[in-house]
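Colleague: Starting from the known structure of chain A, fit chain B onto it as the hints suggest.
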Amino acid sequence: QQQVKQSPQSLIVQKGGISIINCAYENTAFDYFPWYQQFPGKGPALLIAIRPDVSEKKEGRFTISFNKSAKQFSLHIMDSQPGDSATYFCAAPNSGNTPLVFGKGTRLSVIA
Amino acid sequence: KAGVTQTPRYLIKTRGQQVTLSCSPISGHRSVSWYQQTPGQGLQFLFEYFSETQRNKGNFPGRFSGRQFSNSRSEMNVSTLELGDSALYLCASSFLGADTQYFGPGTRLTVL
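As given, the protein sequences belong to chains A and B, one line each in that order.
Under my numbering, the residue at position 71 of the first sequence is numbered 71, and the numbers go up by one with no gaps.
Under my numbering, the residue at position 60 of the second sequence is numbered 172, and the numbers go up by one with no gaps.
What the hints contain is simulated information worked out from the structure, not anything from laboratory work.
Some hints could be false.
As the list claims (entries may be wrong) - Computed cross-link-like contacts, DSBU-like style, restricted to lysine-lysine with a CA-CA straight-line distance of at most 30 Å:
1. A:Lys104 x A:Lys42
2. A:Lys104 x B:Lys169
3. B:Lys169 x A:Lys71
4. A:Lys68 x A:Lys58
5. A:Lys71 x A:Lys104
6. A:Lys42 x B:Lys169
7. B:Lys125 x A:Lys42
8. B:Lys125 x A:Lys104
9. A:Lys5 x B:Lys169
Stated by the list, open to error - Covered, in the sense of this in silico footprint (three residues per stretch, anywhere, with C-beta under 8 Å from a C-beta of chain B), are these stretches of chain A:
10. 40-54
11. 101-112
All residues carry an ideal CB built from backbone N, CA and C; glycine is no exception.
Chain B extracted, bound-state conformation:
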């Protein structure tokens, strides 16, 4: 069974630009969560989607948004990029309500 895939793996953007990251969950998983990982803050929850609906949202500004498609694939968008948005963005998928989350390799975003 293929794992969680994320594209692109690396991105370099400049301040003020926007970016879209993509995540394809494990086949059969309909719950997709996004996390931001930084050296200082660790793994911080961004949002969770299930059946194209956002179920939960973390404490991030409105510049961070996401969506999920009918095939469970998910995208997250960050608008008006700031230097502090430089991070590894991780996507995780699971069955709804399952304890175990399966992570993708992440997208490394660098904002210059």
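Extracted from the complex, chain A is given alone in its bound form:
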């Protein structure tokens, strides 16, 4: 089964700083790479997603950078705010038996 390796496990960033979370995948056939955001007591919610025909996608303060040759993609949160404190999951569609395979998550804490 496809593996998605996410790092770091946890991240502490000062308010206004840049948060960077990385993911690496194995299967080059994938064509959709989403990031989900999860707040305590809530289910994950789609934050932003990218397809491999572009190297970068930006939505507000959130940017996905995609490196097809390295089989890596990352989430950048610019001007990080305390309200961004949450757990972030990267994912990739699995060509096998599961709709999505998730990374193990990164717990982000943005401190003032």
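Modeller: Below, chain B alone, put in the same frame as chain A:
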């Protein structure tokens, strides 16, 4: 449009008991997936249903089962509960083949 709803939100059971969790997908979504979320393992896929048929199944023992009704609502059942079954159980719905999954708030199961 109402989101994915899951009931109950919290459950406490003892070892050996069985439990049934319920999920109502977003209106119009006929694909329903279930995930188990634990701190150590992250989000792990349990199974996916479409049109009352199980399409995919993850690597969980047979104690975990599910079903889907004609109105797309889904239930999952865990029999002979073990301590290790304590987790957040998440349901996600989507259009069949769609990339984006929409998650419910989850059911927090505690096995004592």
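Colleague: Going through the numbered hints above, which ones does this structure break? Give me the numbers in ascending order.
Modeller: Structure breaks no hint.
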